[in-house]
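Colleague: Here are the chains, one letter per residue:
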Amino acid sequence: MNSATTDNPADWKLPSARKLGILTLILAESALFTIFVVAYLFYIGKSLNGPYPSDVLEFPLLGSLALFSSSGTIFMAERCLHAGNKPGFSLWWGITAALGIYFLYFTGSEWHHLIFEKNLMIATNTFGTTFYSLVGLHAFHVIVGVVLLLGIFIAAIRGRLQPGHTEHVEAISYYWHFVDCIWIVVLGVVYILSVRFQP
Amino acid sequence: MDCRATDAQPAEEIHRIADMFQPLSRPAELLLEPTRLVLLVSLGIFIVVLAVLVYVLLKFRPRSPEDHLEEPPQVYGSYNIEMAWTVIPCLIVFVLVLVSSRSIVEIQNHPMPEDALKIRLIGHQWWWEVQYPELGIMTANEIHVPVSTRDGKPNPTHLILESADVIHSFWVPQLAGKTDLIPNRINNTWIEPFKTGVYLGNCAEYCGTQHANMLLRVIVQTPEAFQKWAENQKQLPAEPQEALAMKGKSDFFDLSCISCHQIDSTPAEGVFGPDLTKFATRQTLGSGVAANTPENLRNWLLKPDALKPGCYMPDMKLSPQQLDSLVAYLQTLK
Amino acid sequence: MAHDITIEENYRMPEPVRAGVETGSLTRIIQELVFTVDHKKLGLMYIAAGLLFFVLAGLLACLIRIQLAVPNNHFLPPDVFNQSFTMHGTTMVFLVGMPIAFGFANYLVPLMIGARDMAFPRLNAFGFWVFLFSGLFLYFSYIAAPGLYAAGAAPDVGWFAYSPLTTKAFSRGHSTDYWTLSLLLGGIGSVATALNVLVTVFCMRCPGMTLGRLPIFVWCMVVMAFLVILALPCLSACQIMISLDRYLGAKFFDTQSGGDAVLWQHFFWIFGHPEVYILIMPAFAITSEVIPVFSRKPIFGYPIMVAAVVAIAFISLGVWAHHMFTVGMVSLANAFFVTSTLLVSIPTGIKIFNWLATMYGGKLRFDLPLIFCIGFLFQFLVAGLTGVMLAVAPFDWQLSDSYFVVAHFHYVLIGGLLFTIFAGIYYWYPKAFGKMPDHTLGMWHFWLFTVGFHITFLPQHFLGFLGMPRRIYTYQADRGWDTMNLISTVGVIFQVAGILFFVFNLIYSFIRGKKSGDDPWDGWTLEWATTSPPPEYNFAKFPEVKSRRPLWDAKHPEDPDWKHE
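Chains as they are written, first to last, in the working numbering: chain A, 701 to 899; chain B, 336 to 669; chain C, 1202 to 1766.
Worth flagging that the hints you see were computed from the coordinates, not collected in a lab.
Because the structure is a prediction, the values reported are computed rather than measured.
Once the Cα atoms are required to be at most 27 Å apart in a straight line, the calculated DSS-like pairs of lysine-lysine come out as:
id, chain 1, residue 1, chain 2, residue 2
1, C, K1564, C, K1716
2, B, K563, B, K488
3, B, K669, B, K582
4, C, K1715, C, K1756
5, C, K1756, C, K1742
6, C, K1242, C, K1742
7, C, K1716, C, K1756
8, B, K394, C, K1564
9, A, K713, C, K1742
10, C, K1369, A, K746
11, C, K1715, C, K1242
12, A, K713, C, K1764
The following label-pair restraints were derived from C-beta to C-beta distances:
id, chain 1, residue 1, chain 2, residue 2, range
13, C, K1764, A, D711, 20 to 28 Å
14, A, I884, C, P1278, 51 to 59 Å
15, B, E441, A, T734, 30 to 38 Å
16, A, H812, B, I521, 39 to 47 Å
17, C, A1508, B, F429, 19 to 27 Å
18, A, I843, B, E368, 53 to 61 Å
19, A, P715, B, E441, 48 to 56 Å
20, C, D1723, B, E441, 56 to 64 Å
21, B, P655, A, I815, 54 to 62 Å
22, A, L741, C, A1508, 33 to 41 Å
23, C, V1281, A, I815, 38 to 46 Å
24, C, E1233, A, I815, 49 to 57 Å
25, A, T734, C, K1369, 22 to 30 Å
A virtual CB, placed ideally from N, CA and C, is assigned to each residue, including glycine.
Full structure from sequences and hints, please.
Modeller: Below, the structure written as structure tokens:
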């Protein structure tokens, strides 16, 4: 504790508040998602009536590809930013936002299909309840993420992005990666586990 | 309030004070063992720590105003001492864990004999439905069980707990600890009383407006008396003979009593309220809110909300004549 | 070397001259309060709002005790009684305990770590106003919930709102919606503030304030914030689920359609038990500051004290189902939760022993803060032991949901938390207002409240032994519960008198109290290094810290702490 370095004010280094803040927020969000994931797991195979996951769910290949690749594009955007390549940043960042929007479109059409063709609604059975709440909660986070992405994107193409905004950009990218990770869990639990599990 | 039985049975002793330290049933006795141990251990810790606290306060109290001019020696800690008061509690916790685990298994996984009496207890807002599936008996708010003996062949009663609406909890402290009645789930508990008499219990999980008046009595009888009771419960009540009671019967079926209540072998097949087939053999009204006397019954029918505000039995706006006849009819259901 | 220089030179700036600012006018004060992002003002506002809700919830408690004073009482109808205990519990947990804890954290954490404000001052203001709104929203239900449905008023489902009592079928009208939305909102505010506390501690410490030198108060607040971050989102998830059930017909807890009532209990207590430790952390925090200063010794065993709170926090995440021993879990699960719960008692015991060891060999100064902390030690000992008893599942099968439990958690939350809140308020009152709290009035407050507290809650243990369940609005005369219920109600009179002395003391000392100077208790943590009340910027120059007691070092250059660490 008492080493010379810590007692020299010049060497006094503290973590960035914004980064720690977003990490803490991610921790809180993880707790929130955990409950919904546990609820989904708990109710697998417990619906009293159909439709059941294996009847109606199709693996969301394109949506997942879009979301997963957006993690890569946001990484590229950040690299461009650190290299001082502003047009590159805007391009990659814009692609990320577009992929997010495509994911939302994909989810929207999936829901449309489930509601109007498969008659699965939130009040249909416990599967409907846990499915729409978990996927919906994730989609809500994607929406928030897309809004943040677009905010930075607009600022970037109008040339308003300052060097001081690097931390904001990093915070948003942390959040976006988190939304991606959640999708891995959702994919595994909803589209793989519960589909394979025959009630 | 006099809650004496109105039927022909002799009045049983009522164990009014539901003291958990005077258990009169095997499961309640079994759980008293770890209870005593933890109370004793806690008392010991309490005395020791309190003694230290008092000693410290007296020994190091301020003695004179000048006392504070100088600071006491600064002690920052001692690993040995701290280790000691980490290890000792660990040992105590270890003992308590072992004792409670043994007791949990002993009570919870207690083997039920094949011929144990089975009772389905179903919680409703705010009354208890009681079914004896093997005997074909249906009643409410009062559980009759045979007494067991401490030595000799045990005669336990297996209670199957369910709920029709929200969560309730079965708790008769002198007979057993509590177990919840949960909708969409079946719970089990058991009692094995050693002494005859009436045991009082409450619903122990908050279940809405009239949670307080969801009272339960367990009537423990000698095997002979229980047999007699069960035989009587299985028979249909005699047809009313008096004119007033006969009028009451027709009133009962004309009014909408039958949409909620059931009387065997009649058109009354409602399931929302208690079964009234042998209503007059019961000791209390409204799940224990009042003794089952003609006078209380009349008041209850006149204005259920006065005795049990918020209960689901409606005020039927009965005329005095209807009240008289209904009371007369219900009295014949024994 | 920092410790060679006097406090004056090191930490103070001349008072800023503010031309043209008309202070003191009412509009000006309101404007200041509404627009402020200053952690000290927000801290005091948190505490003040918490105390206001405390008075409201206390009045509800008085109604409850009057109703239960005698058997077959008709003072309150059952629905009003049920609303009263629901609002009392919800208020005390969410609108009194947590906000006051946040108030202390807000006011003191930046001062203690030598920072000028919280990491996110505007988020801080957001957290406060969201909390205040959620509280007012909850109480608005008294007026608004009958609304178009004319059913229900305030929520009446109990503070843990077991499903399916909260589903549309059993809770008509909007009272439960008010409860749900208010808690959802309050949860957002709590997470925001907890995040802020956490980030402040890790990112705003002044040079030399390493994690190993943080005052234990700050450590406890870090642990509390961490638990809030992990636990409150679980509550929010619960509230979202109820709302989906109630508004969109979802089936989470609809037992008629395959929903599971016990799932709610698991989810709620996964939040609910860490919540208990969230509420007791401020008690640990304040006691760990007050006892050393008033014993004139450093805290005994700093590392193990920190380790103990961290251990308590981690274990508390795995004990939730000890609230559920009666739901019919398998015996293995019951045994597991008995074990995990009993494990909590080990670090808790260590804390009590270390506090005693801190006092041992010291020179005690019986000022108000220490007196309240001694009350805390005694009551927390009782509460801890009844907690150990309830952890033993067979004991709990008898006493869960009985008045024994009511007595137990009031010993924790009043005897534990509230007593230390009083201690904390008396301890830091001079810091916040520059005036000393009146000792005589404080002693009246202490004795009346302590006596009343024990008269009220001690008999409730025995009511539990005699089979009295909690949350009943009436009872019959022949159950052996009359005398102790009456005694319990009589105690309330003393408690109310004590609180009146407390409130009067706060006001009286503010107006008439004698000037305290900057460091009236001869304290050791950084908040005493600045003026009382502190300027907006807290410290003119960032203080330098070389040990756990920077002011001890400054006052005792001949034997500074850092030589011993």
